[in-house]
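Asker: Read off the chains here:
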Amino acid sequence: MKLFTGRAEPETLPANNESHEDELTVSVEEDTAYFAVVTASDLHIGTRPYQQDALYVTETACSDPGTTLKVFGVLCDGMGGMENGEKAGRLTVEQLAKDLDELDPHSDVPAFFESEVAKLDELVCEEVAGGMKNGTGTTLTAVLIIDKDLYWAAVGDSRIYILRSNEILQVTRDHNYMLLLENEVRNGRLLREEAEAHPDKDALISYIGSGNVRFININRAPFRLAHGDVVLQCSDGLTKSLSDDEIKEIIIDHYGDLAETARMLTLQAFDAGEGSKDNTSVILMQYFE
Amino acid sequence: MNLLRCENGHFYDGDQFAQCPHCGNQGRNDDLTVGLTQGTIGQMDQNLDQNTEALTPQYETNTLAAAVQQATGGSVDFGNDSATVGYYDQALGSEPVVGWLVCIEGNHLGSDYRLKSGRNFIGRASSMDVAITGDDTVSREKHAIVVYEPKSHIFMIQPGESKELSYVNDKVVLAAEKLETNDIITLGATKLMFFPCCGEQFNWEMLQRV
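Protein sequence lines, in the order shown, are assigned to chains S and G.
Counting from 1, one number per residue, gives the positions in the first sequence under our numbering.
Counting from 1001, one number per residue, gives the positions in the second sequence under our numbering.
Wrong hints could be hidden among the right ones.
BS3-like, lysine-lysine: derived pairs with alpha carbons at most 25 angstroms apart [said to hold, decoys possible]:
1) G:Lys1178 x S:Lys119
2) S:Lys148 x S:Lys240
3) S:Lys201 x S:Lys240
4) S:Lys119 x G:Lys1142
5) S:Lys119 x S:Lys98
6) S:Lys119 x G:Lys1171
7) S:Lys98 x S:Lys70
8) G:Lys1116 x G:Lys1151
9) G:Lys1116 x G:Lys1142
It is worth saying that the hints were derived from the structure and are not from the lab.
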């Protein structure tokens, strides 16, 4: 198991991607249709002197008759004081990756994610924050693919997107103060301008290490993947610099080379706009059958 | 390079950072990931609990959204050409509230804890129904149990499974005892005041009958 905390090495993709893809799609007409999940990831430190994002993703995997294909990715954006934030993110990634690795693929995945979130929350609270709610913690996104089924879980403002053909869809909500403010706007208790101007609008209201996780995003029923689907996990460093459409264009422009796509996403997030840049991390998975 | 020194003595490049990057949350100027302290959430948080629409992203009707919606099991409203994907932020512990415990002493002073129907385990672990996190004088698991009995609409407190004792109005709890409004439960250094929502006057079953 490897944990990336610096700039990641390119994922182990075959040098010649075209022939690689041919290989993956060749036996569709036979009785046993093969399928595969290609994975890639990248981290960029931005202009920060420290890297609080952490991630782990399994290697590219191809289906093997008789066994269950299991691919997963975990991405965290640590928060709080510099050392603690880094520790919270790393600890969460390490523990969840270990537990996902040991998970029986036939078990109840949504229930696993729910109990895991409670367990990680407690772990970070005790190990990093010293049992206190002091703003130290981490966001979490986790994606698990079992054969052709996708499951996800997210806490905080790191996001998960699914891209299918020309559409991109954020399947998680940002658990920040803006979520509460938007509710106030909707109910006429606050003006939109007031909400947008609120200094705390980006502050998280649900995160691992809060001692009491309020909100999680989870899918109860498996999401059935279709050929070519791309699943993106990312920290807010990406989504604060690039719009959903810009992210989509980058993925489509580099279709076929997922490792390059991951690098381009973090690089363009860094290049976009002015001023200081947050840590940016992405995990990409693409499903082929 | 524009070397600056912050109030806390850190040196940093003023060309790159608007404020000291070493001082964590204090800058709060741009894109640091920070948490919101519980106290500032207040009423809005409770409003959100009661309004699941806020947790409901709005999508155009299309195949991907429909597939996601199916996976998340959301309630669906196909009015006005837009699909509403319900639910999928799940507010944990969204069972109807039957009463509250409010911390009146201890490090969660001013926090409230929701009680649900049946048994509510109180302890320090975040997996507890009433999680008094961070108070080492409270047992990790099942220090005490507050029960709401929905048939007779009464609240009771009973000892948990730990060796630590609990008290109601400074009297030790050794067996199940009835709880009354404003009773004070003491667990270690934490004091919790009890407020019922449900009882003879009002309960959720009453609404279902109408």
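Asker: Return the numbers of the hints above that this structure violates; sort them in rising order.
Answerer: Per hint list: 1, 2 and 6 violated.
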